[in-house]
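If you're matching them up, the sequences are chains Y and S in order. Under my numbering, read the first sequence as residues 1 to 427, first letter to last. Under my numbering, read the second sequence as residues 428 to 709, first letter to last.
It is possible that part of the hints are untrue.
Only some residues are given here: those of chain Y computed to face chain S with a beta carbon under 8 Å [to be verified]:
(1) Glu27
(2) Gln99
(3) Ile115
(4) Val119
(5) Glu124
(6) Met125
(7) Asp389
Please keep in mind that the hints were generated in silico from the structure rather than gathered at the bench. Here a beta-carbon is modelled for each residue, glycine too, at the ideal position from N, C-alpha and C.
These are the residues of each chain, in order.
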Amino acid sequence: MQPARTSENQTVAEAARDIEAGPVVVEVRDVCKTFRIPEHRVDSLKERMVHPFRSNPHRELEALSGISFDVHEGEFFGIVGLNGSGKSTLLKILSSIYQADSGRIRTAGRIAPFIELGVGFNPEMTAHENVVLNAVMLGLSRQEARARVQSVIEFAGLEEFAELKLKNYSSGMMVRLAFSVMVEVEADIMLIDEVLAVGDAAFQQKCGDVFHEKREAGKTIILVTHDMGSIEKYCHRAMMIHDGQVSLIGTPKEVSEWYMRANFRKEDERPGFHAGSSEEGDDAFVAEAWIEDEASTRIENVEQGTAFRIGLVIEAIREIQTPIISFVVTDEAGVHIFGFEESLSGAPDYPGGLKPGQAVQVLADVQNLLRPGRYYLHCRVHRNQEMTDIGMQVMRTLDFVVFGTAMTLGAVSLVESIEVSRPEGTA
Amino acid sequence: MPADETRTELKEVVGPSALGGGWARFFDLLILIAVNDFKKTYFGTVLGYLWSLLRPLALFAVLLFVFTQIFRIGSEVEFYPVLLLFNIVMISLFQEATSASVASVVNQESVVRKTHFPRLVIPLATVVTTLFNFGTNMVAVVVFMIFYGVAITWTWLLFPFVVLALFVITLAVAMLLSSLYVRYRDVGIIWSVAVTALFYATPVLYPLEIVPSQYVDFVLINPLTPIFEQARHWVIDPSAPGALAAAGGWLGLLPAALIYVSICVLAVWVFGREAPRIAEEL
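Kindly generate the complete structure, drawing on both the sequences and the hints.
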């Protein structure tokens, strides 16, 4: 095992060296970005008229302070960082969604950002029309987009439904369609947010296949992620951002080790809930997250086999009309163990969805079939029923340990009882 | 490989802006969005085209009754019913496009925050969609005019210039409103009042010549006034004074022209300044 790994590492290293000798296609120099977060937002002209010269009270949030790096042609470049480290801001600046305050970014070729699947999908339009629009948004010309519609729809396996309005699509079909657009849109440089890679196992597999294919085809890809597995699996090089600064650029292995260390150091300081760890621009944040036992006493660790409850309080920053709150619990390796989702539409306490400043508490009773180990809770708020529009995503908002000594094979023990006996008719 | 060399030439990323991403992309997006919106209104409802015509027609019927049967100012003006319908369709372009544009950028929030999208496309598409509507409504107006006995003259060919002037001011106002609304939500309420006031301050219900002389100057500073007067002169009644004659010479037109130009310059400046930050403000 050991020699094989080294030789594989060598080839990876060689490939990385070859790529590094190639031309630079993305050049980022000293990029800074500061957000002004209003503490008391003057939203009305009246207030503006009454206090014309008073500047809005605000605090400054330095999201990026002097980021520099190069990406070479054909490179698969990973960007990692903890929640709130500035990696999403960087992605948005690279995608020309935000403007950098200072610094310079130069690129060669067309950049297609994939921050979310199916941005701008219009439920009143057919799949065909939506694909054209989406592809043009991602940078194709109308002619190119039209020429590709057929293959997009074929890749999604939705030939029969091409002329169906999107509002009649299931959420699964919609995700498939949006994903196919991404696969078929040929861009020189692809910027991919990890948001894409979250989904059921089959979808993750499909994403993985596409990443692999694009990598082999020599595409330049920048992937922003939390998942060290994909960093080590796909990337030639990776960069870790911490507090808006580059803390390390190196091989995937170096970066993922560094990341794990940083992550766990942080966790050692503050076990359990990691507050305020949402990204700038989110529509909501996790105000509190905890686990409790059946007597509603908050606990940090759960004994194997003991049922527990996951509690969360989410507070809206902006209005979210039809929120769906979803969670997923992963183990240390990032494998999704279980998850759940809850729509607030129709909840009597929230007519018309979540208003800014309004909070919602979610309690989930969990049957504990987990094997001993450390688990992470990731939480998202979706803005639409199809769950394609993500208003908030907080990774590792809570971590807890299941302790115990009973032997378990596999991630969960689903076997209720075992009976051992002699088969009938045998000696 | 030469192809590779051109591809690896580094170009500066300028960030989000009003036009960002090049002209070809700008027009592709504009056409797609405007056409899709237009299709949605026309094929999304059962009566489609009829609905878009019904609104100005209903307004026309009510106003025609009021101003010919109750106030009777209509009877002093030649071709009053035609003029009224024509003016209503013209002012509807301005009213509908500007009102729809107010929240347009905010409504497209997810697109603005998640893709590299030329910001100007959003209000512009709203105005262009309304312009399509205006075009189809005009067909009905022309039919009505011919029935009513309005003479077809060569000056009809000049009508596109009037539409262009109206289009530009409508777009300028749309740009101002949509970018300001991102920060100040009461722009929406203010505009709904302002647009009604403008309806009466523009010679829609009345031609300029029957306005009492002490108020003429007031009506004349409205940049929409010359547009409506000129349209009437060219399309409906060549004997009616054009913009220039109605204003009493170039000097009379000057305030309206100045306001027109200032609104356009202000719109370009404000939108250009706000565009890069819209994604953060939302």
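Status of each hint after checking the structure:
For glutamate 27 of chain Y, the shortest C-beta to C-beta distance to chain S is roughly 6 Å, which falls under 8 Å, so the interface hint holds. Contact between glutamine 99 of chain Y and chain S, as hinted, is supported at the beta carbon level, the nearest pair being about 4 Å apart and thus within 8 Å. A hinted interface residue such as isoleucine 115 of chain Y counts as satisfied when its beta carbon comes closer than 8 Å to some beta carbon of chain S; here the least separation is about 5 Å, so the hint holds. Evaluation of the valine 119 of chain Y hint against chain S yields a held restraint, the C-beta minimum of about 5 Å falling below 8 Å.
Interface restraint check for glutamate 124 of chain Y: the shortest CB-CB distance to chain S comes to about 5 Å, inside 8 Å, so the restraint holds. At a threshold of 8 Å, the smallest CB-CB gap from methionine 125 of chain Y to chain S is about 6 Å, leaving the interface hint in force. For aspartate 389 of chain Y, the suggested interface contact is upheld, since its CB lies about 6 Å from the closest CB of chain S, less than 8 Å.
Hint violations for this structure: none, all hints satisfied.
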